[in-house]
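Trainee: Chain A is already provided as a structure; the job is to place chain B on it using the hints.
There are 2 protein chains.
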Amino acid sequence: MVEISRTKWSTDFSKWFRDVISQAEVYDYRYPVKGVGVWPPYGMKIRNNVITLMKRLLDESGHEEVLFPMLIPEDLLRKEAEHIAKFEEEVFWVTHGGKRPLERRLALRPTSETAIMAMFKLWIKDHTDLPLKVYQIVNVFRYETKATHPMIRVREVTTFKEAHTAHATFEDAERQVKEAVEIYKRFFDELCIPYMISLRPEWDKFAGAVYSIAFDTLLPDGRALQIGTVHHLGQNFAKAFEVTYLKPDGTHEYVYTTSYGISERVIAALIAIHGDDHGLVLPPHVAPIQIVIVPIPYKGVEKEVYKTCEEVYKELLKHGFRVVYDKREDITPGEKYYYWELKGVPIRIEIGPRNLKENTATISRRDTLDRKDIPLDRLIYELKKLMDDIKQSLYDRAWKWLRSRVGIVEDIEQAKDIVTKRQGVAVVPWCGSESCGLEIEERTEGRVLGVPLDEKYDVKGRRCIICGREAKHMIRVCKTY
Amino acid sequence: MVEISRTKWSTDFSKWFRDVISQAEVYDYRYPVKGVGVWPPYGMKIRNNVITLMKRLLDESGHEEVLFPMLIPEDLLRKEAEHIAKFEEEVFWVTHGGKRPLERRLALRPTSETAIMAMFKLWIKDHTDLPLKVYQIVNVFRYETKATHPMIRVREVTTFKEAHTAHATFEDAERQVKEAVEIYKRFFDELCIPYMISLRPEWDKFAGAVYSIAFDTLLPDGRALQIGTVHHLGQNFAKAFEVTYLKPDGTHEYVYTTSYGISERVIAALIAIHGDDHGLVLPPHVAPIQIVIVPIPYKGVEKEVYKTCEEVYKELLKHGFRVVYDKREDITPGEKYYYWELKGVPIRIEIGPRNLKENTATISRRDTLDRKDIPLDRLIYELKKLMDDIKQSLYDRAWKWLRSRVGIVEDIEQAKDIVTKRQGVAVVPWCGSESCGLEIEERTEGRVLGVPLDEKYDVKGRRCIICGREAKHMIRVCKTY
Chain A
16 MVEISRTKWS TDFSKWFRDV ISQAEVYDYR YPVKGVGVWP PYGMKIRNNV ITLMKRLLDE
76 SGHEEVLFPM LIPEDLLRKE AEHIAKFEEE VFWVTHGGKR PLERRLALRP TSETAIMAMF
136 KLWIKDHTDL PLKVYQIVNV FRYETKATHP MIRVREVTTF KEAHTAHATF EDAERQVKEA
196 VEIYKRFFDE LCIPYMISLR PEWDKFAGAV YSIAFDTLLP DGRALQIGTV HHLGQNFAKA
256 FEVTYLKPDG THEYVYTTSY GISERVIAAL IAIHGDDHGL VLPPHVAPIQ IVIVPIPYKG
316 VEKEVYKTCE EVYKELLKHG FRVVYDKRED ITPGEKYYYW ELKGVPIRIE IGPRNLKENT
376 ATISRRDTLD RKDIPLDRLI YELKKLMDDI KQSLYDRAWK WLRSRVGIVE DIEQAKDIVT
436 KRQGVAVVPW CGSESCGLEI EERTEGRVLG VPLDEKYDVK GRRCIICGRE AKHMIRVCKT
496 Y
Chain B
16 MVEISRTKWS TDFSKWFRDV ISQAEVYDYR YPVKGVGVWP PYGMKIRNNV ITLMKRLLDE
76 SGHEEVLFPM LIPEDLLRKE AEHIAKFEEE VFWVTHGGKR PLERRLALRP TSETAIMAMF
136 KLWIKDHTDL PLKVYQIVNV FRYETKATHP MIRVREVTTF KEAHTAHATF EDAERQVKEA
196 VEIYKRFFDE LCIPYMISLR PEWDKFAGAV YSIAFDTLLP DGRALQIGTV HHLGQNFAKA
256 FEVTYLKPDG THEYVYTTSY GISERVIAAL IAIHGDDHGL VLPPHVAPIQ IVIVPIPYKG
316 VEKEVYKTCE EVYKELLKHG FRVVYDKRED ITPGEKYYYW ELKGVPIRIE IGPRNLKENT
376 ATISRRDTLD RKDIPLDRLI YELKKLMDDI KQSLYDRAWK WLRSRVGIVE DIEQAKDIVT
436 KRQGVAVVPW CGSESCGLEI EERTEGRVLG VPLDEKYDVK GRRCIICGRE AKHMIRVCKT
496 Y
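Chains A and B supply the protein sequences, listed in that same order. Using my numbering, read the first sequence as starting at 16 and increasing by one per residue. Using my numbering, read the second sequence as starting at 16 and increasing by one per residue.
Here chain A stands alone, though its shape is the one from the complex (with noise of 0.2 Å):
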């Protein structure tokens, strides 16, 4: 462990979330290799809470689950021209087995399209085989040449959720990237996580895709986090890896394809935008621990409370609560709420002489750190309801947070403003053309996340913010990750 140094939420993030994370055990980045780290108990145990959700919305939408190999063969991911361009330069070839140089170089994969494409092609034939949906949770590597960030820029991305699914026409893919937006909108609402949905310019799409949606939400610093893009792919790939299937009329088309991706980013996100001063703060239905119950035993009284404190504990066991029952008797009730809040976990119970004359417990709230007393016989009835309570309290504080952030204007210098110094999300009208989104991005040293699918801004009478020219869209422009 690191010592506790609790730096401050809103003033150093960057370091805050460093050591939050380290400090509450959930990811260990001194690994010796720049860009990796290690799920510690704790952390593993978020990570696979965050990962049943998403399974649970994949597996009732008709996703199968698959698993395809790490390792991409050299030619294989070079079928598809604009996708390699892109990744070429990222991409940690494996070249040597044993002491041997290999006769082709195999890619560590850095998302799987091609991989998927090769063994579609051999499940593909018929239109009865579509729609195909399937989609794994695996590790990616990306050879990233900027500076890495814990859990967010990272060359081993160790929990990539990536769908891919096959269509018989354009239009279904259509509607399967629709599917995937209302699953994504689904899985961060859960998390309390508030985002932005906008259409990625054409200059940022995702290699080989007709185009990329993308779920940005924003860090305390005012930088844009991507935490999950939807691609559909038209036939691009389908064409490149010759995957096509028999239409009823006898004929044979290329498939249409999309794929969308979410990674540990998202638990970054979580941790990032619920968190305090204080550590963490889990939603609890992600939390791995829900409630934490802590003896207050007063000299005379101490088996009492022990007594009542273990028959709680029972209790909400019993009733399917993620309690732990601290009973360490070498520190201090105080130390005690200190370290479980560092650990985000969303209720503490304290029981104490003045509980056990009221016949009472005493309910601490992990975001408000409000406290308050309830009657042991309504116990159970009230910790269900301030579970509710706290999510949705996280989810209201965190989106009244991001809207917040957000400014139209339509003057460079204020959208330079907004995102320089307000570390906010300027939008701004815009003509649609490439000069001018390059031209946004330089003037307001932001990034162009897109146009937006999920406001509807009124763009009649605006004009583009650099030329001048009647504007098509409302675009959004802040610093990125």
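A few of these clues could be false.
Copies of the same chain look alike in the list, so a pair counts if it works inside one copy or between any two.
In silico BS3-like pairs for lysine-lysine, Cα to Cα no more than 25 Å straight-line [what the hints assert, rightly or not]:
#1 Lys387 / Lys399
#2 Lys351 / Lys140
#3 Lys342 / Lys140
#4 Lys372 / Lys406
#5 Lys318 / Lys372
#6 Lys101 / Lys114
#7 Lys387 / Lys406
#8 Lys60 / Lys136
#9 Lys475 / Lys487
#10 Lys351 / Lys431
#11 Lys262 / Lys140
#12 Lys351 / Lys148
#13 Lys372 / Lys70
#14 Lys161 / Lys342
#15 Lys60 / Lys70
#16 Lys94 / Lys49
#17 Lys262 / Lys406
#18 Lys70 / Lys329
#19 Lys136 / Lys342
Treat the hints as calculated values from the structure; they're not laboratory data.
Mentor: Leaving out everything else, chain B in the frame of chain A:
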């Protein structure tokens, strides 16, 4: 799908195995890299059920799940001399990131002792940090130069459960080894996979271990398959990585470590051992689909048949069975039987006109192919009982078969006969010397599995099958994968 051609389980096991894993869609080895394969949805579900079982056993016994990086820098891998000496020829090396050569080569983990020890050094300070018991389920890589075999001898092991523990004393590590053996026994028992537990001979222990214990099972072709290993690593890795702890007396000592692993070979064994000429036979508790309902819709009673099937289907779902109602109208009931038998679904329910009249369902069990009629009002009870019966029956049959293949012999020619012609395991007296051990291997054309730990053979008065000196142990020898 490849064309169905049911080769014989008992007469051409190798072909049977390749055919059945393809046709039942368990594992697809057509991916264009030698020795790696894809888990399609059905196989993935079997895999996930097996993993769930393993995780439960580990979680219940105080192990915590973690996730370590896939890349191990060369200097780390080289720290334990015996370890790298063994793995050097088998390691895949990453040498380039994008177009640039890396400063130091990175190995694709062949196993994670070295990565784990690098972090244990940071995590372990004090005797109160011990024992430390973690596990992960990850992909590992071996550059196999021998012929690869789907799921059995692969270059990417996709499903390696590796546990790593650290302890204050040699004895506590040994206690952990025993715990691991017990956990593995329960795991294989649950999967109805029979096993031989052997102390591997010195010349075949894990690279860096003090000793290695292995679980082997026997496949239908009489070759042993190693399905689990448990290693006492002593202080070998702790010394190489300088992992020490503070003792209560204020001095520092190196920790003692163990490691134990199981891979997807266990799923290969599950398929190989229980299967038959009709395809897979899955134990009910790990079968993705436990029950399939096939309507027999004779003319005139179709509606009633479908209605009853639907009712039964809903009832089974309500009781938590994993059930499929096969309503397909373009294939015959016979074709459905064939299809679901191939997939290894443990129980089939047929409902036709006669059943309607008699208020029964016809139940067919996959393992014996026996059929009988059950009154509908006893269906749930009978199905639960049948699931238990099938599991017990698979267990008994598999163990009986394994035991029938093991013979004690004191003559080297007889031993060779068992190993080479009777597809069995010879148990022979041995003086304990490496030279005699290696000669046993040479003269029987088999490999020594080691000294039995699960059977007490009386060695008194027996003489080494090679040198004629007093035997110290009985030792197992057979063909292996």
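Trainee: Would you mind marking each hint as holding or not holding in the structure?
Mentor: Do the hints match the structure? See the list:
Only within a single protomer do Lys387 and Lys399 lie at most 25 Å apart by alpha-carbon distance; the minimum there is 15 Å, versus 48 Å between protomers. Taking CA atoms no more than 25 Å apart as the test, Lys351 paired with Lys140 passes between copies only; the shortest distance there is 21 Å, against 61 Å inside one copy. Taking the closest pair of Cα atoms, Lys342 and Lys140 come within 25 Å of each other only across two copies (23 Å); inside a single copy the shortest separation is 61 Å, beyond that limit. Taking identical chains as interchangeable, the C-alpha atoms of Lys372 and Lys406 are never at most 25 Å apart, the minima being 32 Å within one chain and 54 Å between chains.
Proximity of Lys318 to Lys372 under the C-alpha cut-off of 25 Å is restricted to the intra-copy arrangement: shortest distance 14 Å within a copy versus 67 Å between copies. Taking the shortest alpha-carbon separations for Lys101 and Lys114, only the inter-copy value of 13 Å comes in at or below 25 Å, while the best intra-copy value is 31 Å. Taking the shortest alpha-carbon separations for Lys387 and Lys406, only the intra-copy value of 18 Å comes in at or below 25 Å, while the best inter-copy value is 52 Å. Taking identical chains as interchangeable, the C-alpha atoms of Lys60 and Lys136 lie at most 25 Å apart only when they sit on different chains, with a minimum of 22 Å there against 37 Å within one chain.
In this assembly of identical chains, Lys475 and Lys487 lie within 25 Å of each other by CA distance solely inside one copy; the values are 8 Å within and 93 Å between copies. Proximity of Lys351 to Lys431 under the C-alpha cut-off of 25 Å is found in neither arrangement, the shortest distances being 45 Å within a copy and 66 Å between copies. For the identical chains of this complex, Lys262 and Lys140 are intra-copy neighbours only, at 9 Å inside a copy versus 66 Å across copies, given an alpha-carbon limit of 25 Å. For the homomeric pair Lys351 and Lys148, the shortest alpha-carbon distance between copies (24 Å) is at most 25 Å, but the shortest distance inside one copy (47 Å) is not.
Taking the shortest Cα distances, Lys372 and Lys70 never come within 25 Å of each other, neither inside one copy (46 Å) nor across copies (43 Å). For a Cα distance limit of 25 Å, the shortest separation of Lys161 from Lys342 qualifies neither inside one copy, at 46 Å, nor across copies, at 55 Å. Taking identical chains as interchangeable, the C-alpha atoms of Lys60 and Lys70 lie at most 25 Å apart whether they share a chain (15 Å) or sit on different chains (13 Å). In this assembly of identical chains, the alpha carbons of Lys94 and Lys49 lie at most 25 Å apart only when taken from different copies (19 Å versus 30 Å within one copy).
Proximity of Lys262 and Lys406 under a CA criterion of 25 Å is satisfied in neither setting, with 48 Å inside one chain copy and 44 Å between copies. Taking the shortest alpha-carbon separations for Lys70 and Lys329, only the inter-copy value of 24 Å comes in at or below 25 Å, while the best intra-copy value is 30 Å. With identical chains, the CA atoms of Lys136 and Lys342 are never at most 25 Å apart, being 58 Å at best within one copy and 28 Å at best between copies.
Violation of the numbered hints given earlier is confined to hints 4, 10, 13, 14, 17, 19; the remaining hints are satisfied by the structure.
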